[in-house]
Structure formats: C-alpha cells, structure tokens
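Chemist: Using the sequences and the hints given, assemble the complete structure.
Protein sequences appear in the order of chains A and B.
One point on numbering: in the UniProt record's numbering, the residue at position 284 of the first sequence is 284, and numbering is uninterrupted.
One point on numbering: in the UniProt record's numbering, the residue at position 86 of the second sequence is 86, and numbering is uninterrupted.
Derived by calculation from the structure, the hints in this document are not laboratory data.
There's no promise every hint is true.
Identical copies carry no separate label here, and so any pair may be met within one copy or between two of them.
[As the list claims (entries may be wrong)] Listed next, the in silico DMTMM-like pairs over lysine to aspartate or glutamate satisfying Cα-Cα at most 20 Å (straight line):
no.	residue 1	residue 2
1	145	184
2	178	265
3	318	484
4	176	454
5	318	220
6	318	548
7	318	561
8	318	171
9	145	407
10	223	485
11	462	548
12	318	560
13	318	165
Every value quoted in this text rests on a predicted model; they were computed, and no experiment measured them.
2 protein chains.
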Amino acid sequence: MSFASPVSDQRLVLDHVVRIAELAKSNRFAEATPDMVDAVLQGAAEFAEGELAPLNTVGDREGSRWVDGAVTTPPGWREAYARFVEGGWMGLSGPVEAGGQGLPNSLSAAMMEDFNAANVAFALCPMLGLGAVEAIDAHGSDDLKREYLSKIVSGEWTATMNLTEPQAGSDVGALKSKAVPAGDGSWKVSGTKIFITYGEHDLTDNIVHMVLARTPGAPDGTKGVSLFLVPKVLPDGTPNDLGCVSIEHKMGIHASPTCVMAYGEEGGATGWLIGPELGGMSAMFTMMNNARLNVGLQGVGLAERATQRAVAYALDRKQGVRAGLPVRIADHPDVRRMLVRMRALTIAARSLAYYAFGQLDRANVGDGEAGLRADVLTPLVKGWCTDVGCEVASLGIQVHGGMGFIEETGAAQHLRDARIAPIYEGTNGIQAADFVQRKIGLDGGAAFDGLIADIRADAQHKELILLTDELEVLVASARNASPDDRLTASYPLMTMAAVLTAGWLVERLGRAINAGEGGGGNAGRRAAIEYFLSVIVPEAVGLGAGAEATAEMIYQAPAEELA
Amino acid sequence: MSFASPVSDQRLVLDHVVRIAELAKSNRFAEATPDMVDAVLQGAAEFAEGELAPLNTVGDREGSRWVDGAVTTPPGWREAYARFVEGGWMGLSGPVEAGGQGLPNSLSAAMMEDFNAANVAFALCPMLGLGAVEAIDAHGSDDLKREYLSKIVSGEWTATMNLTEPQAGSDVGALKSKAVPAGDGSWKVSGTKIFITYGEHDLTDNIVHMVLARTPGAPDGTKGVSLFLVPKVLPDGTPNDLGCVSIEHKMGIHASPTCVMAYGEEGGATGWLIGPELGGMSAMFTMMNNARLNVGLQGVGLAERATQRAVAYALDRKQGVRAGLPVRIADHPDVRRMLVRMRALTIAARSLAYYAFGQLDRANVGDGEAGLRADVLTPLVKGWCTDVGCEVASLGIQVHGGMGFIEETGAAQHLRDARIAPIYEGTNGIQAADFVQRKIGLDGGAAFDGLIADIRADAQHKELILLTDELEVLVASARNASPDDRLTASYPLMTMAAVLTAGWLVERLGRAINAGEGGGGNAGRRAAIEYFLSVIVPEAVGLGAGAEATAEMIYQAPAEELA
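Modeler: See the structure below:
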C-alpha cells in the first residue's frame, strides 16, 4: 500500500514540541520561517511518497548483489538516488559554506523520518552522509573540506562509517586497523572492517570512507585511535587500495549493502587525518551522535509506516458482526487497542526524537544547556525509539492476522527492517550504559536534573508525576550504586527516562491541541496521547523493580547455568 | 549450533509442577513410571537433537516448494519423517486401542517442546495430527476410527485442520464451504480453504483433512457448521477431488507448507461426518484446544532454543575488559540481564504449559475441576507462551549484536519462526477475548476463582501476592463491565493472569529446588526464578492500568484518525 507522510503531525511537533519558531528568531536559522517549514515538509513528503516508497518492496525482494567486488543496488535505486541529489535533499541541514541550506536539524529530522518510513534501506545511505558532514565540518582540515564537503553535501558522493572489526564491535577500542605516515601528509591505511553500510554501491562515482585506525606507537584502547578520510577514488582519479570483499545476508534492510571492507591489501589505502592524531574517538563521536539520533528516527519512521498499513488493513478487512452488521476489524476492541497503542507510541517517539534534534539546534545557536540536554537525550532516542519501532512493527503484523505473516502483505518487512535499529550505532545495551555511566552524571548531574525539573514543573497527569517521582529516586540510587549495580539497572532506567520525557512532550502537544491547534485529526491524536499517559506511562512504572535489581541477583549463577 | 534438550529442567517441571507421580497412581497412566518418564525424555531428546535440529537451517533456506499441485519438502525431510514414524513418536499419548502408548499429555508436551525447539517447521506436521487424533477419537464413528485412527497414531498418514477461508479467519462462522449428502452415508465437500498447514506434502501417501463446512439448510454462523473427514486418497485407493492450489511465501517456518486447498472442483470431495451434523464447532474445539496448548509449546521450545544459542554465543564472544582481563560478553551486566531474563521467561512458560497439559491429564482420569482449570489455562498458555517465544527470540538476536541480524547465525530464524505463533490457532487477541468472555465466568466463575484461591494459599513472594490482589480486583471488575470494556481490558488481563500463574508455579519449582531436588544447574534455575518473581511479576502489575482502560478511551476517535 502507498505511504502518506504525516505532515500535519510533524508540523504540530515542530511547532509545539520543538518550538521551531523560537529557533527562527536566531540569525543562523532565520530561513526556517513557517512557509519554509511547510515547503520542506511538503517536498520531503512528495519525494518519500513518490520516489522512495514504491521501491521499498523491490528493495527487500531483490536486495543488493555483490559480484567480484562490485555491488549492484536493486532496480530503480540509481534513478531514485539521482533524483535525491537533484532535489538537494542531502544538503537540507548542511553547512551553507559547502552548499547546504543550513536549516535546523529538527526540520531535517522530519525529512529523514519520511525517508525512513518510505524506504529505510535507501535512507540509510544519506543518513551516514549526514554524520560524515558533521565530522568533516567540525574536525577536518580546510583542504579536506574543500575537496570533500561540498560533494557529500550535494550527494554527488556518499560517505560511510568504519568502526567495527571482527574482534572489535561494542568494544571499539579493540580495533587493529593501522595507519602509517606516507611522508606527504597523507597516511597508508590497512585493515579489515565489517558491517560497513553502503561500503560499496553503484549510486555514485566516489565513496568517502571515514575509517578508525591506529597510528604507530599509539596506546591501547580508544585513546590510541585516529580517524581517517579514505576515498574510494583518489583526487587524481585513480582507484584507492580498498575494496568490498563480500556483503551480508541479513534478516532485513536487504537493499542496504552491509560490506566487509578490506583496506590496504596492496600496500596501504591513502587517507588523511580528520582531527588530530589520537583524536579519532572525539571526531567519530561527532558523527556517531548524529547517527544515533538518526537511527532513533528509523524507529519513528517504521512505526509510522507500520501504523498506516495496519490502520488501512483494519478499516478494509471485515470479520464478525456488531449490532447485527458486518464490522471492520478496526472496530473490534482489541484491534482498536492495538491501533491506538501503535499511534500513541509513534507520536511519542516522534516527539522525543524531534525534541532532541531541536536541542542540538539550540546548542548550535549558543544554548549550552540545550547541548547538554541533547547529550542526555541521545541514548534515550536511540534506545527507546528503536524499541518502539520493533514493538509497533510487530503489532502491525498482529493486526493483519494470518496475512501479516505472508511476505507479500508488507507488514513483515517492517519488523525485519526495524530489528537492526536496536543493534547498530551502539547496541541499545550500550545506550543504556551510556545513559547511566555518563549522562545521568553529566555536568555534575545538572543536565539530567534540569530535565527532571522541567518535567516536574510542567507535568499534570498523575501517572506522569508518579513516574517522575519513581525515576528521580531510582536515578539518585543509581548514582550512588556500584558500577555493576548501575549497569544491571541501566536498561529499565533508560526506558523509564525515555517514556517519562516522551510523556511530558506529548502532554505538551495535547495542551496545544486543546488550545485549538492541529485541527483535522485531533480526535485521533487526543486518543493516542491519553492512551500514552494513562496506559504506557504506568507500564514504565512497572519497570522500576528491574531498575532495583542488583548485580548480585543476576550474577548469582555462573552464566553456563543459564542454558 | 547444536541443540541439547533441557531434560533435567523438563523432569523437574514434570515432577514438581505437573506432579506426574500422582498421575501414575491412576490405572490409565500407570505406565508413566519414573523410569518411563526418563526413557521418553531421553529418547525424545536424542531424536530432536540428532534428527530434527540438523534439518532446521536447510528447512529455512530451501523451504517447501510447490510445482503443479505437488509439494516437495526440503532435503532430508522425508527421511527424518520416516524415522519419526519408526520411532513411534506420533503415538506417545495416543489411544491404546489405536496403537498408541496412552501416556500422559504432559509427557507428550515435553517431547513436543523438544521437537519445536529443534525444528518447529517439522514439528507442526505431527502437532496437527495430535489434534486430529483427539477429535476422531472423541467424535468419530467406529468405522472412521477403524479406517483412520491407527494410521494417524502411527504417523503413516498425517492430518490437517481446515477452518480458514478468505472471508472467514477469526470469524470462523463466516465460512462458506459446503457439504451435501452423497446418498451412501458420505458427503460431497466443496470450497476453498486457506492457511492449511501441511495441506499437501511428500512425507506420506495419504493426508487426512479435517474440514469445516455447511450442510444444506444449515443456519448462519458457527451453529451451522459441521466437521468432515476428507482424505487425500479414498479407501479404494483413488484420489479424492481435492488439491493444493498454491503455497504461501512467509516470514518464517519456510519448510512448513501453508496451502491454499481447493475441495470439490470436479463435483465434490468425498468426506464423512465427524460427530453429528451441525456439531462441527464442538468437534473442532476438541482439536483446537489441543492445538492451542501445542502452539503455546512452540513458544516454549523456541524460547529454549534461542536461550541456548544466546548463552553459547555470550560465553564464546569476548569484548572489553573487566579487572584488566578480556571478558566474555555473558559477564557484562546488561548481557547477563538479558540471559537471565530469557531463562526466566523460558522456565516460567514451560511450567505454565506443562501444568495445563497436566490438568488435562487429571481431567482424563476423572478430575472435573482439573478439566475446567485446563479450560481456563488454555488461552493463557496459547497467548502468553507465544508472546514469550517472540520476546525471548528477539532478546536472542540482541545478545548476538550485529551477528544476530545475519541470517547464517541462526538467531534471526528463531524470531521469524516464532512470530506466527501469536497469530495462528486463534490470534492472541482471540485468546484474550476467550479468557474474559468465557473463562473468567466458567462454572459461575468458580474455575478461575479456584485457581486464584490455590495461588493465594501458596504464594509467598510479596510481588506475587500483590499481583494476586491486583488481578482479583480487575477480574471482578471485568465480570461486571460492559462487553466492550471487558474486551478493551482483555489483553493485559490475559498477560497478568498468565504471569501470575506462571509465577506461582516457578515459586513452587523453587521450593522443590531449595528442598534439594534438581542438583546440577540449580544456581541458574534459582537466579531465573528470583528474576521472574522480582522483576517480571512487577512488570505485569504495571499492566493494570491497561486493564482499567475503558472502551470509551480507545473509541473516542474514529479509527480513520489513527493513521
């Protein structure tokens, strides 16, 4: 079935959750006028609906193919990518100096949500480019910026992130790839990287690889890591010493080639430092934090898409009788419950994700507190919104009954595609660890406490207030806990904090609606918001016991005895 | 990786949850001595590990193929099925008069759990046979029993369930297939049935289809439905007028052919009534209740398999450092949390499912109250154990990190296979409706209240007592609620009741362990049981708000506004 961008929902969240009009008062985002916002939402919607959504099924069915080092994307992909470049979509929030439009990240988020909803396997390619643009812009030399930035901002070339190696997944610091100085300012990079998304493809003439490697004499662990820009094609037009050895056979996102990349098999791939030597992690985190928020948007987009598909099916499919008349399954209480739940989770995840991007935008116009808040929110967006994507996609299958399990229906693809999001760009367990190990203590705890204080000042629903109380106590206790106890509690704490923040934001959205904003569709939004506050928030309170579990409990048996 | 049957866990549950020794005191189950129980568990383990598990991957990769009406199962399937028949596994709990061993259903449950864990797509075929045996034994004429029962009990022929038609899914009463008398006591059956598991295959020479159809002048709805036995090959050796038109392309269980069946395209397929005319639903429910409990066991089996795979990977895979040494990921707190959770859910789901089969066994030796309890438990086993299967399989993917998303790892197949179980044999929403519409009111409410009273008399953990209190209030309120309010609350109520009952049973298991039973592996069991009671039970308390949600809340917006 076709996809329709939720433009009016997106606009409401931008207006009343992000409060984008406040951003437009700054010089930097003066272009983000209401008319511009509408034009972007409308244009992104048309591109997603007209160009990307029609390729989603063929992408899943055909997948990308690897033959002798070359990767062929599915039929129609090249043409769609060319139109993506033509439309200038890659540069929406890109730096003006490099040809971008410099619009807010929160507006770009709406665009990326649409692209994810329409065709997440396609959208992954530009998503990585967005991160690379940030990293090169913030840490790259003027020469590198001149050579590469505008090409990535235009979409003429794509970019990749190369962290993972067979022995170095969550433990990035265990990576072994090497870089040695070539004597002319460039470096010779060698090593094997795995799980490299769009590491090779036929969409563009060049691919800009951002590669983590160790320099001679570098210390062990993450402190010894440097970031290199390693292009597929060198500035003089010759091919670099790198290649795609194979691609993976995956559960979902079949059209997105997941590559094993070999660098320097013939002496060393030529690359250039991004940021200082040994400064790789900091430069990579610029890229990764962007990517983490964007992976959260994959959850939002797939939740939106799955909800639309389920509602359409439930309105069409008739089963049983109510009051003597054949009834659409949407009118059966438990199906309606599922649809309301799907919508509630989707609205809440969107609100949380856009809000986090909005905090980044505020940081970019000088609001340091907002920057810290974005840091606190990043693991919540990545962790919870991707869990939401899986839950909603799974509910979407359930709404379809037996048809949901049949691949041609399309509902199953959403779950298969969504299932990667809790894993890549730092597993959700890593996000939870980041939340309890760094984020609740950021700025001496002030960053997290400020969020709680804002919620407390605003929250009206009694369940929301209850969750605030509960979380405050649990976080205070986590701060004083042993590292292992804190990590044992981390996942439920992350979920509780995300649900609380999202609940606060949808309550805010609900007040705007009650004040007359939104118009068409407000009854649906109101039902979803009430369900979120009355049902989903209390479920998060129920996670409190898990956040009180100690390491002693889960470590009482040797792991061997768990199977 | 290889599969190892959890024989000692199964034995503990049979001994201390089912209390199979009490059953063995009856004449009917006198054969179920401790030695026999061990022999069956050991034999089933060997068959599952040695014959079925090695075919699980090829089954997923190759699937069953349809060509011109014939269905070819994957390489190795025919040989494994022949050995299944040779081993006499089909008749373990089958009627002695038909060549079965007449052992308890609760023991057969352990066998089916193993077969599901090893290869659920294979195990589906005998699973449907078990239901057919019950239905023919209870409702079939002596002639039909003589002709068909021993052949199905031996496994020489397989059997299918034919309810669903394109317009009649959850609403079985909407079916249109017809049967008219042929004048010789047989009937001419015609119509199209969809989603028919193993409707056609190459494992046996004959397939016995159990088909619901309407007789001339029958009333609308389920009251007008009769059950027919329609064999692929007629007693005189000629082919019947029926065939497989196509098979489905599914998310999982690829090796299990899901058939569209056409009956009577050339005048009518010959069939015979099972039970009286218009008595089809009652006969079918005999079959379906058995199948529902068995689908619950698919959740248990896949949870067990996913847990084994995840633990093995987490013990093998090293990432990061603790106390200066490389560490297995099983030793990272959040990974350990996932493993303990997987084990906890698996043990609890097994306890609930086996207990329900044990109640059926008690009913079969004359305990009427146990029969009613089995009725109460059936939707809980089907609904919750299949949800557990999906949750644990998804956690299993997560434990593997990026490798979990790669098909060759095997973890993804478990989720793809598990995802059908909440859908077929009555969606979990239908189970929830059955629970609140019929089961909480069964025998004037005494059946459910008796369960609660037993739990209350026994439960010691404070969270379990809290959940008992909570559920009792919510069920009392559901009994007095409007039908729509009751259905709105149905899913969370079903989950809460299942978690409560499972929690009670694992606490019982824990007491046996503390009294010295079990031996090796008890530390792991203790950790899992403590986690279930301390963490998972409180999560179920958190579902209470959803059980208090009213139809007014979810119906406040037209369904069109939910997308």
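Chemist: Cα distance capped at 20 Å. Does residue 318 pair with residue 220 within a copy, between copies, both, or neither?
Modeler: Answer is between: at 17 Å across copies they meet the 20 Å cutoff, but 63 Å inside does not.
Chemist: Please sort residue 145 with residue 184 into within, between, both or neither, judging by C-alpha distance up to 20 Å.
Modeler: within (18 Å within a copy, 88 Å between copies)
Chemist: Between the shortest in-copy and the shortest cross-copy C-alpha distance, which are at most 20 Å for residue 462 and residue 548: within, between, both, or neither?
Modeler: The answer is between: 15 Å across copies meets 20 Å, while 22 Å in one copy does not.
Chemist: Is it within, between, both, or neither for residue 178 and residue 265, if the alpha carbons may be no more than 20 Å apart?
Modeler: Answer is within; shortest intra-copy Cα gap is 12 Å, inter-copy 70 Å.
Chemist: Please work out whether the CA atoms of residue 318 and residue 561 approach to 20 Å or closer within one copy, between two copies, in both situations, or in neither?
Modeler: between (49 Å within a copy, 18 Å between copies)
Chemist: Tell me, please, which holds for residue 176 and residue 454 at an alpha-carbon limit of 20 Å: within, between, both or neither?
Modeler: neither (44 Å within a copy, 60 Å between copies)
Chemist: Under a CA distance limit of 20 Å, which applies to residue 318 and residue 560: within one copy, between copies, both, or neither?
Modeler: Result: close only across copies, 15 Å inter versus 50 Å intra.
Chemist: Within a copy, between copies, both or neither: which one fits residue 318 and residue 484 at a CA-CA cutoff of 20 Å?
Modeler: Only across copies: residue 318 and residue 484 sit 18 Å apart there, 52 Å inside one copy, limit 20 Å.
Chemist: How would you label the pair residue 318, residue 548 (within, between, both, or neither) given a Cα cut-off of 20 Å?
Modeler: neither (46 Å within a copy, 27 Å between copies)
Chemist: Should residue 318 paired with residue 165 be assigned to within, between, both, or neither, using CA atoms and 20 Å as the limit?
Modeler: Between copies, since 13 Å is at most 20 Å while 51 Å is not.
Chemist: Checking an output row: residue 318 and residue 171, CA cutoff 20 Å. Within, between, both or neither?
Modeler: Classified as between; 9 Å across copies, 51 Å inside a copy.
Chemist: Up to 20 Å between alpha-carbons, please classify residue 223 paired with residue 485: within, between, both or neither.
Modeler: neither (26 Å within a copy, 59 Å between copies)
In summary, the structure is inconsistent with hints 4, 6, 9 and 10 from the numbered list given earlier, while agreeing with the others.
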